[in-house]
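Trainee: Quick note, the sequences are listed as chains A and B, same order. This note's numbering applies: residue 1 is where the first sequence begins, and numbers increase by one. This note's numbering applies: residue 1 is where the second sequence begins, and numbers increase by one.
One should not assume that every hint holds.
Unchecked claim - Here are the simulated BS3-like cross-link-like pairs (lysine-lysine), alpha carbons at most 27 Å apart as the crow flies:
| # | chain 1 | residue 1 | chain 2 | residue 2 |
| --- | --- | --- | --- | --- |
| 1 | A | LYS329 | A | LYS96 |
| 2 | B | LYS153 | B | LYS95 |
| 3 | B | LYS153 | A | LYS192 |
| 4 | B | LYS153 | A | LYS329 |
To be verified - Where chain A lies over chain B, by a calculated footprint (3+ residues, C-beta under 8 Å):
| # | stretch |
| --- | --- |
| 5 | 36 to 42 |
| 6 | 84 to 93 |
| 7 | 134 to 142 |
The hints are simulated quantities; they were obtained by calculation from the structure and are not laboratory data. Ideal placement from N, C-alpha and C gives every residue a C-beta, glycine not left out.
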Amino acid sequence: MGETAKDRAGRWLAAAGRSLWRIGWPRTDKDRAAVMISSLFLHLHPARVSRHSLRASYTLGLGLVSLILFGVLTVTGLALMLYYFPYPAEAYRSMKDLQFVVTFGVVLRNMHRWSAHAMVFVVFLHMCRVFWTGSYKPPREFNWVVGVGLLLVTLALSFTGYLLPWDQLAFWAITVGTNIAAYAPLVGDRLKFLLLAGHVIGPMTLLRFYVLHCVFLPLAAALLVSFHVWRVRKDGLSGAPEVPSVVEETAGTFPASSKTYGLMALTRRPSASVEARDPRDEVFAWPHLLYVEVLVFLGVVILLHVASLLFMAPLEEMADPTRTPNPAKAPWYFLGLQELVHYSAFVGGVLVPTLVVVALVALPYVDRRPHGVGRWFAPERRLANTVFTVLVVVATLLTIVGTFFRGPNWAWTWPW
Amino acid sequence: MTEKGEPGGPSRREFFLAGCAAVGAATAGFGVSTLRYLVPTVLYEPPARFTVGAPGDFPPGSVTFLEDRRLFVFNGADGFFAISSICTHLGCNVKRGGAGFECPCHGSRFDENGRVVHGPAPAALAWYALSLSPRGEVIVDLDRRVGPDFRLKA
Numbered sequence: 001m002g003e004t005a006k007d008r009a010g011r012w013l014a015a016a017g018r019s020l021w022r023i024g025w026p027r028t029d030k031d032r033a034a035v036m037i038s039s040l041f042l043h044l045h046p047a048r049v050s051r052h053s054l055r056a057s058y059t060l061g062l063g064l065v066s067l068i069l070f071g072v073l074t075v076t077g078l079a080l081m082l083y084y085f086p087y088p089a090e091a092y093r094s095m096k097d098l099q100f101v102v103t104f105g106v107v108l109r110n111m112h113r114w115s116a117h118a119m120v121f122v123v124f125l126h127m128c129r130v131f132w133t134g135s136y137k138p139p140r141e142f143n144w145v146v147g148v149g150l151l152l153v154t155l156a157l158s159f160t161g162y163l164l165p166w167d168q169l170a171f172w173a174i175t176v177g178t179n180i181a182a183y184a185p186l187v188g189d190r191l192k193f194l195l196l197a198g199h200v201i202g203p204m205t206l207l208r209f210y211v212l213h214c215v216f217l218p219l220a221a222a223l224l225v226s227f228h229v230w231r232v233r234k235d236g237l238s239g240a241p242e243v244p245s246v247v248e249e250t251a252g253t254f255p256a257s258s259k260t261y262g263l264m265a266l267t268r269r270p271s272a273s274v275e276a277r278d279p280r281d282e283v284f285a286w287p288h289l290l291y292v293e294v295l296v297f298l299g300v301v302i303l304l305h306v307a308s309l310l311f312m313a314p315l316e317e318m319a320d321p322t323r324t325p326n327p328a329k330a331p332w333y334f335l336g337l338q339e340l341v342h343y344s345a346f347v348g349g350v351l352v353p354t355l356v357v358v359a360l361v362a363l364p365y366v367d368r369r370p371h372g373v374g375r376w377f378a379p380e381r382r383l384a385n386t387v388f389t390v391l392v393v394v395a396t397l398l399t400i401v402g403t404f405f406r407g408p409n410w411a412w413t414w415p416w
Numbered sequence: 001m002t003e004k005g006e007p008g009g010p011s012r013r014e015f016f017l018a019g020c021a022a023v024g025a026a027t028a029g030f031g032v033s034t035l036r037y038l039v040p041t042v043l044y045e046p047p048a049r050f051t052v053g054a055p056g057d058f059p060p061g062s063v064t065f066l067e068d069r070r071l072f073v074f075n076g077a078d079g080f081f082a083i084s085s086i087c088t089h090l091g092c093n094v095k096r097g098g099a100g101f102e103c104p105c106h107g108s109r110f111d112e113n114g115r116v117v118h119g120p121a122p123a124a125l126a127w128y129a130l131s132l133s134p135r136g137e138v139i140v141d142l143d144r145r146v147g148p149d150f151r152l153k154a
């Protein structure tokens with residue numbers, strides 16, 4: 001009896017499968033580590049991670065959630081583009097179509113909107129976490145700067161996206177926003193002219209914001225995200241306490257290459273890395289990290305679906321340059337600034353934001369003491385943490401005041 | 001050609017460095033001058049000089065708000081004048097209220113001549129020059145700012 005047709009087909013299928021998935025389903029730690037390193041998508045992870053960085057109460061998974069939200073925004077955004085015309089009245093009509101005509105259009109739009117709000121919020125929390133755990137210290141200084149860039153790109157994406165529905169909310173938020181830009185010294189008026197592509201918000205402005213929102217800024221974000229994640233991968237997941245573990249002191253350090261799993265030697269870490277150097281303090285990324293990531297992803301997607309089914313994204317009347325709504329408010333994440341702008345447009349719109357960004361970028365180069373890394377509110381960092389916390393509280397209070405306690409003519413009002 | 005080049009001439013490395021620098025400078029110059037591309041040359045916006053109707057269209061002692069021009073046209077006792085409704089703070093439309101104008105966005109208040117009374121607005125509301133066309137219609141010129149003593153006798 002020779003080979004049956006069934007056997008041949010089986011061998012052919014197996015060979016075809018191997019062209020796609022070389023190792024087969026990995027059953028041992030060693031095979032899983034090999035897959036983690038050889039797969040394009042999985043190799044963003046190290047093969048092993050420290051137990052410390054895996055503790056949910058340490059990182060809160062905020063960076064991961066930001067990344068997931070960026071993915072959701074890309075997918076829903078691409079879908080929305082299929083029905084969107086970037087021309088004033090048409091833009092508003094496509095919103096109405098998405099809301100009332102296109103199958104699942106309203107859910108996709110809601111999901112895009114709520115993911116965008118969530119991303120601004122989560123990215124901000126991620127920054128707070130990194131500060132409060134001192135995770136911007138060497139060797140991660142530059143990655144903190146990249147993170148600041150990502151925060152700004154996130155805000156720019158939100159801001160440019162805000163105009164696209166072309167409703168009253170959009171029009172007046174962008175009017176206020178671009179006029180704030182005009183207060184910048186020397187270049188203010190030119191900057192506003194460039195943003196608007198004219199003196200008033202019109203079709204050219206909408207087209208410009210559309211291209212920025214759908215092409216330039218997402219590309220910039222993707223580039224920065226790749227770099228950000230790559231640096232995290234090279235420097236190790238978030239700083240572990242620099243205190244050497246007991247095992248290390250008594251038994252000396254184990255070079256990773258001398259362990260059974262020599263694959264780790266492929267990634268040489270800078271010696272300054274504060275990741276746990278004791279291999280016994282590390283666990284395999286698959287399953288310990290990977291399964292958590294999948295769970296967080298599912299959780300985020302489920303939450304977004306529930307929010308998108310229950311809560312409608314706002315859409316007011318079509319933009320009308322002759323009627324200013326009262327009060328006219330910027331997006332919520334700019335309401336702290338708008339509250340400052342209410343006192344002085346230059347201070348609130350230009351001076352404070354510029355100082356904040358400069359301070360954030362300079363921070364890791366000014367505060368270089370390698371103490372208190374990898375722990376929440378380390379006592380060694382009391383001064384830094386206090387200053388930062390006060391700033392966060394002030395920003396939060398200003399935002400809350402601008403959102404809930406300001407009514408017509410920006411006068412005091414009660415939210416209830 | 002040798003690695004060192006002709007005696008007294010540039011070496012091969014110097015030659016290529018100069019060449020790269022020249023090409024790089026040309027590319028950078030081209031890139032910078034192309035930034036001008038971002039500035040629109042033609043604006044499809046309403047003209048800055050336009051007629052708003054015959055003087056008789058504005059009853060004596062009245063204030064007319066021209067929505068689409070964002071302009072208040074006054075026919076006062078001593079003549080016509082026009083005040084912009086664009087708040088000098090952040091570009092919202094001011095409304096008539098109190099003794100003058102009020103901005104709904106950030107609470108700026110202006111007196112009846114558009115001067116700042118209260119709030120974050122850094123400057124008075126703009127006054128624009130009015131003139132009469134040969135056919136006797138009132139012309140507004142948004143490119144010509146005037147002071148609050150301006151009056152057009154018609």
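Trainee: Hint by hint, say whether it matches the structure.
Mentor: Comparing the hints with the structure gives:
1. Only pairs whose Cα atoms come within 27 Å are accepted, and A/LYS329 paired with A/LYS96 is accepted, the gap being roughly 22 Å.
2. Taking the CA atoms of B/LYS153 and B/LYS95, the gap is about 26 Å. The hint holds against a cut of 27 Å.
3. Pair hint B/LYS153 plus A/LYS192 does not hold up; C-alpha atoms about 37 Å apart against a cutoff of 27 Å.
4. Distance restraint check for B/LYS153 and A/LYS329: the Cα-Cα separation of roughly 41 Å exceeds the 27 Å cut-off, and the hinted pair is therefore not satisfied.
5. A stretch counts as covered by a chain when three or more of its residues have a beta carbon under 8 Å from one of that chain; for the stretch 36 to 42 of chain B and chain A the count is 3, and the coverage holds.
6. Residues of the stretch 84 to 93 of chain B lying with their CB closer than 8 Å to a CB of chain A number 5, which satisfies the three-residue condition for coverage.
7. With a cut-off of 8 Å between beta carbons, the stretch 134 to 142 of chain B has 0 residues touching chain A; three or more are needed, and the interface restraint is violated.
Of the numbered hints stated above, those contradicted by the structure are hints 3, 4, 7, listed in ascending order.
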